[in-house]
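Visitor: Chain by chain, the residues:
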Amino acid sequence: MKITAPELEIAVLVLGMVILTVEAFAAKIDKRILAFAAIAGLAIVLFASFFVAPFRSPNQATGFWSFYTADRLSIVFKQFALVTTILVLIMMIDYAPVVRSSFPGTQDGLGEFFAVPIFTCAGLMYLVSAIDFVFIFVSLELVTISFYVLVSFTRRDPLTLEAGTKYLVLSALSTAFIVYGIAWIFGVTGQTNLYRVADALANPAVDRVAALLGMVFVLVALGFKIAAVPFQIWVPDVYQGAPTPVTAFLSVGSKAAGFVVLLRVLLPFLTLPQTQRLIVLIALLTLIYGNLAALPQGNLKRLLAYSSIAHAGYLLIGVVCFDVRAVTFYLVAYLLMTLLSFAVLIIVAQQTGDEISDFDGLAKRSPFLAFAMLIGMISLAGVPFTAGFLGKFFIFYAAVLQRQIALVVVGVLTVGCGFYYYLKVVRAMYWQSTPRIDKISVNGLSRFAISALVIATIWLGVYPQPIFEALKR
Amino acid sequence: MVLFAIFCPILAAILIMVGAPARKTALAAAILTFAAALILLASFGHGQGNFQHVTSFTISPEWRLRFTTGIDGLSLVMVLLATIVTLAAVWFAGTIERYENSFYACLLFISGAAIGAFASIDLFFFYAFHELALIPTFLLIGIWGSGNRVAAAWKITIYLAVGSFILLLGLILLYQSIPPGWRSFDIRALTVAASLGQIPADAQRPIYLLLLIGFGTLVSLFPFHTWAPEAYASAPAPAAMLHAGVLKKFGLYGLLRLAIPLLPEGARYWTTLLVVLLLGNIIYIGLVTIAQKRLDWMLGYSSVMHMGYIFLGIASAGILGVTGAALLMFAHGLSIALLFALAGELRRRTGTLVFDELGGLAKVMPFAGLAFGFGVFASIGLPGFANFAGELMIFFGAFKNGWEMGAFHTFQIATLLALWGVVISTVYMLRAYRKTFMGILSEQWKQLFDVGPALRVPVMLLVGALLCYGFFPQSFVRVVAPTVRTYLTASRR
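Sequence order for the protein chains is D and V. Here our numbering is used: the first residue of the first sequence is 7, the next is one more, and so on. Here our numbering is used: the first residue of the second sequence is 667, the next is one more, and so on.
Only chain V is shown next, with the shape it has when bound in the complex:
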């Protein structure tokens, strides 16, 4: 079933390239993968932290390279997120004027690559699947993008390529830091080796730093974030949804997956650095976001900013904070995809996303206004949305973690400062909402009409998932927490 979820989009993409009807095939593949993810969720053995549904093929005995896939609680929710956003993005994409087949093929490739990365147990394939999404992203922005698409496409591709190769160095170093008898790319084997103390503490520090820079570049950690806003502003909406919503989470997922169980000493050593950088994300990028004059750029920056909270949760290295980080990853993926979809729809209809030219659109597009409102409130972190639960857990987790460490600690200062981020995001999100949907409707937009079912279905899908986990975060925690506990116990031993 895991293999099906990975290869269904990729096979569909190949079919589309050789000439199958683009939209129908893509939709069918997206629905099938979503169904597969739901089946995985239903059949998932709760309360266990280990990998399930494991399949494995030997690639190279000398390098102990095996193509191994499987899911634990964390990868399950990430796969679920990927399939939901894929379905929404494909549904939203509609008719494409130029090269329709290539467009859908690229989308499905990104989706398959993301699912493959989340479901790979072998580090090599975990890495390789993520890189596979690079070229489709380049093409999507380059061919179908808007604005300064050429520069944006180069920037994201080169940034991510270099970031990935730094990450690759970190992974190679990780592999080599283990005594030869233990060497493996299999995360399970690595975890066992780490828990037996086979990764020396002084070897962990450089590895963690490389992983932090590599993954950080992929997640737009300050100061490696400059590719993100521009790329998301220029990308066609479905591509931005998939990239900001799903693919970017790969870096966070990787840090959770590797840094906490395998490199606890490295993580401890670089905590202060990470905290400073993530505050850069929250405060500095937050302020930059307020200054934005265009909706697409503002959304791009806001997605960079929100990564800061998730990093805070990861840095706290406690069960509450890390579970909260996982929940916020999931929730942010849904809410940012929702906002990018609506922004893309606005651009399609009005041809502009400059705040000063918009206004009062809720009068002519009530449904879009409502949906955008949901997205805005989710992003701010209002109770009832999954984001709220995630942020709350992160703040509690981080603050409490600081308490355990004694007196007044970095974490408490960081948490207090990060809380201001909520205020900042309230300012820019509500302002964006007011300037776009409230106020006086300009004469030129009077003939606009509300969005049709093509957009309503994905919006309802995304909002539904957000509300579902917002009201019942326990159902999410139940899946993820055992896995997180396994990671943390591996690191404590």
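Just chain D, with the same shape it has in the complex:
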């Protein structure tokens, strides 16, 4: 049987609905079974996705294929979304006690907590395939609305409630921007399909200024998704307040989809010289702000929030150079190391807390978790033989090739900042001592997931070829 790409999303959606239905009618079961079922289902879809033959929509396609493409890039990122969701679900199982304590009944809400991410996943999968502004908007909404639910899930906690409100208001604002931008672009070119927009822009009769204005509005909305300065204000508070697995999901899934859309949306507009200058400026601001603001942070979730802004800066360097391979590799590396850090954080935070000082002496209490966190942190900082270093290497390679001197200089200096704040965590784990000597236990599934992430981080840091092969296939 031949599998085509749209069937993957349909399978994921069906899975989500089945789990919701079971959740509604089977009240007696342990709700964590639903999470295991979801993980198994997504794993099957992930497995199936490797047999999908890439199919690039022809330029003049009509009907379904005029807004949906199944090129190599989108397939890689569908797999990316699936892996992220599976890992987030594993973290959610670890996080279940916190959710339970936030609801009156012992099992209330858990089922939805495990079911909603599946819909987010479907939204992300659609988003990376979207080549039409309308379809981009629709799938973006699917992602965003499911995040509204997830961010404020543990609503008894005032911090979470604050995070949910902030996310809702600002996200709605950015949605307004994207719609407005699309309207301008449509008004100028008469098209919503990205390829046809590109063709229309090639026509000298088109009003470039108006098209640029529309593009800037779209850029504002996408800047919000990828947490680029100056649209990053929401990031620290939402990241800190949201349930930690949701934070991880936001910082990886939402960001990756944002970058894929950015790459697709920018393609028609690259002919306009202003576009590149604008993105260079955003990248510079993002690098400087993200890295400098991360320096004094004492809360690990907040630190990771600023680090997520900082990494958006490095990724934007790749976008400026329009190097799809470098951006993809960096995103994959970012997925591995960020989810690794969050996975450890969730387990440790339930024992002590999510301040950096709560990690004091972790090397004594759980050498396994401390080592995993060490790998995550040095990979985020960019030490060789980890995926994070190769990501930076490819990004800087592209930037040097295009002689983006300002970006390179700022990028190198901010790497120095990165070493400081990431190693702060390493310092806490290995130097500081703690009065607590009780061991931290890790359940089998999490241990497996964390080990897999550690191995993958090091493996891709030595042998990056699989990612390039997947993009070439």
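To be clear, the hints were calculated from the coordinates, so they are not data collected in a lab. Just so we're clear, the structure is a prediction, and the values are computed from it rather than from any experiment. By construction, the Cβ of each residue, glycine as well, lies at the ideal position given by its N, Cα and C atoms. One thing to keep in mind: the hints can contain errors.
[To be verified] Covered by chain V, according to a simulated footprint, are these stretches of chain D (three or more residues, beta-carbon under 8 Å):
{"no.": "1", "region": "167–175"}
{"no.": "2", "region": "384–395"}
{"no.": "3", "region": "401–408"}
Using the hints provided, position chain V relative to the given structure of chain D.
Guide: Coordinates of chain V only, in the frame set by chain D:
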């Protein structure tokens, strides 16, 4: 055999982390790597300048990235230095009170990383291996350091991280300056490309500058040196031995390896800048060293200062000067490791390294006094030690080089000024020796006793190697000179 030398320490480090007995495993690994280096030395085909024992694995065909290892004369002696100092450092480390396993694992990681960097032919891995040592160094200083260890650990890590990324930019630029058909990270391929004139002269200048700043930061070239004294003063002695003795030489090795054969035009263009900076190392840092009041800080500054001579040898770009630079790198690695080991032992016993509180220790610790004397004389460059041969070759090489360039040239002025460095180092080294081991023995140190075999073995190892190459520098030159000649001919063509 090369792969064994790289991965034996790293594998041992992993074993120790999962719970193998720390000291025994570390010692066994250090001895095995040392043996491997000796076998490499014995089986090395003399008189050839090319790489031997080459093994290669493909990593990424698109980027022409291959994990290639092999040794030529220069990398052979550096690997030998790394294994000697590793053995001495591991032997010296003894029992560690806190987290013994992690301590030895970190030491072995640094050692494996250094050997890997020296034996890599592929630029990417050459760079990556060196960076691998960064985190163990951070942990070693941070956990087991003394004094102002927190600040020192941050300083060295951030300095070296930024320096390495500048170096990385230089390497990327180097890779991209070659026409696409020639692009490769393989040093051999790059050398061929360079000798065919594929690296344009105006492209060489920015690359050389980036490499000079990047490598210079790693080697504590003035004015990028401020991380070094503080880090070495705070680091536990085995870490200081490995870092100052071996790892720091990576930057010099890289300049020799890349700048001379690949970027002769860039090197010529920036000669004056390099000469000024290296004089900063020799004269300015030399004077700063004299002003030091603590033994550990003084040793840290002296190790910064001595880099100046090696830079002078590299800058001279002649066979005599460059070979001398290689010899001095080797000798300095041994002598500074010896001094740091003894200083660490003194700190362990007395708890202080302030000159004014010490004195007369040779009465109670004759062996340590003798060994320290050897280290001091080697550092000053007394005949009989390898340092002497190295410095002599550098001065002759640099002076002669200036002669070739016509009338009275930068190099001759530089050499004349650099000679004063010998006087400066005599002043501070002998003063340190007098204040520590000579003079009146203070009442509180009377119950001290001499060092045991735990320290005697590494001391004899280091002094033995120093004397060996000091009396027979020819055996060193025979290994290195053909390689240096290959580098220089590549650049002349």
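Visitor: Evaluate each hint against the coordinates.
Guide: Structure-based check of all given hints:
no. : hint    : result
1   : 167–175 : violated (count 0)
2   : 384–395 : holds (count 7)
3   : 401–408 : holds (count 4)
Comparing the model with each earlier hint shows a violation of hint 1 alone; every other hint is respected.
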